Structures are given as C-alpha cells and as structure tokens.
Amino acid sequence: QVQLVESGGGMVKPEGSLRLSCAASGFTFSDYYMSWIRQTPGKGLEWVSYISSGGGTIYYADSVKGRFTISRDNAKNSLYLQMNSLRADDTAVYYCARGRTGSYWAFDYWGQGTLVTVSS
Amino acid sequence: DIQMTQSPSSLSASVGDRVTITCRASQSISSNLNWYQQKPGKAPKLLIYAASSLQSGVPSRFSGSGSGTDFILTISSLQPEDFASYYCQLRGSFGPGTKVDI
Chain A
639 QVQLVESGGG MVKPEGSLRL SCAASGFTFS DYYMSWIRQT PGKGLEWVSY ISSGGGTIYY
699 ADSVKGRFTI SRDNAKNSLY LQMNSLRADD TAVYYCARGR TGSYWAFDYW GQGTLVTVSS
Chain B
2 DIQMTQSPSS LSASVGDRVT ITCRASQSIS SNLNWYQQKP GKAPKLLIYA ASSLQSGVPS
62 RFSGSGSGTD FILTISSLQP EDFASYYCQL RGSFGPGTKV DI
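Chains as they are written, first to last, in my numbering: chain A, 639 to 758; chain B, 2 to 103.
By construction, these hints were calculated from the structure, which means they are not laboratory data.
Here the structure is a predicted model, which means the values were calculated and not measured.
Just so you know, not all the hints are guaranteed correct.
Unchecked claim - Per label pair, the in silico range of CB-to-CB distance:
1. A:Gln639 - B:Gly42: 19 to 25 Å
2. A:Tyr697 - B:Ser78: 38 to 44 Å
3. B:Thr70 - A:Gly740: 21 to 27 Å
4. B:Arg19 - A:Ala726: 40 to 46 Å
5. B:Gly69 - A:Tyr697: 21 to 27 Å
6. A:Gly693 - B:Ser13: 42 to 48 Å
7. B:Ser78 - A:Asp700: 37 to 43 Å
8. B:Ser13 - A:Ser690: 41 to 47 Å
9. A:Ser758 - B:Ser8: 37 to 43 Å
10. B:Val59 - A:Gln750: 18 to 24 Å
11. B:Asp71 - A:Gly740: 22 to 28 Å
12. B:Val59 - A:Gln641: 18 to 24 Å
Said to hold, decoys possible - So these bits of chain B aren't anywhere near chain A, every CB distance computed over 12 Å:
13. Ser13
14. Ala14
15. Arg19
16. Thr21
17. Asn35
18. Ser57
19. Pro60
20. Gln80
21. Glu82
22. Asp83
23. Tyr88
As the list claims (entries may be wrong) - Facing chain A, a subset of chain B residues (Cβ under 7 Å, in silico):
24. Pro41
25. Gly42
26. Ala44
27. Leu47
28. Tyr50
29. Arg92
30. Phe95
31. Pro97
For every residue, glycine included, the Cβ atom is placed at its ideal position computed from N, Cα and C.
Kindly produce the complete structure, drawing on both the sequences and the hints.
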C-alpha cells in the first residue's frame, strides 16, 4: 500500500536550517509529482512547493521562495525539503503528499506529518 | 492570487442529515477544484477531485458539483465518521475549512 513517511522535524532557532525527508513506498515514486504542504492552527493548510516526477519542474509558494529548496532522489524513493532562514511563521506541521495521476494538484496520499517549531 | 472562501465556517448536524458546504473562488477556475476531509490529528484525505469526481474508496454519499467560481460539497446522509473538517483546494490555495460537528 502507498506509504509516505516524513522525518526531520524538530525545534530550531530563527534563521536556522532544517532538512525534511519523505520516504515513499508502495508505488512507483518516479512516476509522480510530489508536494510539501504545511498546516498551522492559525493559517490553516498552505501549499509550500511541488516537484515534477523527474525533478525538472519546481514551484514554490511566495512565502518560502528563496529560502526553501525541494528536491527528490528517485533512486532512493525520497523527497526532501531544505529549509533555510527559518522564521517563527514557518512553524507548522509539514506534510509530503502525492499528486494524483493526471491531476497533480489533487493530493491523493499524504504522510502523517512532521512538526517544525521555530522559536528562540 | 486566487482567494478561496468557504461557508459556513462551522455547522452542527445530526446523523442522517444532508449537509452542503460551499466554496467560492475569487475568479473563475473552471473545474479544477478538490475537496478534502480532515480529522483531528490526521492528515487530510482527498474526497473529490476536479469538482465532481469521487476519489477511489470514498463513499458515494459524498458528491461535488459546481464550476466557475462556486462549488458545493454534499454529504447526502451524514454518518458518525463524517464529523470532521472539510477543505476545498485549487492548485496552491486551500479554503479556510468548514468544521462539521454534532
């Protein structure tokens, strides 16, 4: 069955860095677009970034552009999010999610989420 | 950027009720709208994609309709497991959510 498992969350100071990972299994990872989405109690759900199946197309939300970098390793069935210059408003649960075939903005499988807390 | 609004923000209902949730986009978005259900402490679950297509494994009491700027999620007969929050989504924008409780 499809599984997405995030890791790498934790507490970090403002201006610090963190790298999230998402391990995928149960499907042909290299066939799918993947996204990172975050959620906070105050701001709700916010799409962060996506990467195409081969990695050649990448988009970011304006709120993270220039600070976050999405990448993937299809040989390792893994998705990554490098987060630099972290701010307090980046505090959230971060999910990796799979884009549905033919409609990659529809996220048909999600991981359980990993909590990132930015605080001094 | 396209803004998404949902109404109501919350509603109280009983088992067996018909429930409708509305999502409105600030500009026409054709039919590229998706609906998710989220329960506390869990990740969102895709219910409806492309406005009206039922995701595999989702019960048929869930349905979606609409086009342009106005979309509706309908639960034809609310079941105990349907008490949750519901979100619409267009590409990178999510609605603020509707909480359905007893």
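| message | Given the hint of 38 to 44 Å, is the C-beta distance from Tyr697 (chain A) to Ser78 (chain B) inside that range or not? | response | 39 Å, holds
| query | Does 22 to 28 Å hold as the CB distance between Asp71 (chain B) and Gly740 (chain A), or does it fail? | reply | 24 Å, holds
| request: State, for the Cβ atoms of Gly693 (chain A) and Ser13 (chain B), whether the hinted interval 42 to 48 Å holds or is violated. | output: 46 Å Cβ-Cβ, so the 42 to 48 Å window holds.
| field | Hint check: 7 Å Cβ-Cβ cutoff, Phe95 (chain B) to chain A | value | 4 Å, holds
| request: Note whether the CB distance of Ser13 (chain B) and Ser690 (chain A) lies within 41 to 47 Å or breaks it. | output: Between Ser13 (chain B) and Ser690 (chain A), where Cβ atoms are some 43 Å apart, the hint holds.
| task | Given the hint of 21 to 27 Å, check if Thr70 (chain B) and Gly740 (chain A) actually sit that far apart at their C-beta atoms. | result | 24 Å, holds
| Can we trust that Ser57 (chain B) is non-interface, i.e. its beta-carbon lies farther than 12 Å from all of chain A? | 8 Å, violated
| field | No chain A beta carbon within 12 Å of Ser13 (chain B)'s | value | Consistent with the label, Ser13 (chain B) stays out of reach of chain A, its closest Cβ about 21 Å off (over 12 Å).
| request: Examine each Cβ of chain A, and state whether all of them lie more than 12 Å from the Cβ of Ala14 (chain B). | output: 22 Å, holds
| said: If we take the beta carbon of Gln80 (chain B), is the closest beta carbon in chain A still more than 12 Å away? | reply: 22 Å, holds
| said: If we take the beta carbon of Glu82 (chain B), is the closest beta carbon in chain A still more than 12 Å away? | reply: At about 18 Å from chain A, Glu82 (chain B) clears the 12 Å cut-off, so the statement holds.
| task | Look at the Cβ atoms of Val59 (chain B) and Gln750 (chain A) and judge whether their distance stays inside 18 to 24 Å. | result | For Val59 (chain B) and Gln750 (chain A) the Cβ distance comes to about 20 Å; the hint holds.
In summary, the structure is inconsistent with hints 17, 18, 23, 24 and 25 from the numbered list given earlier, while agreeing with the others.
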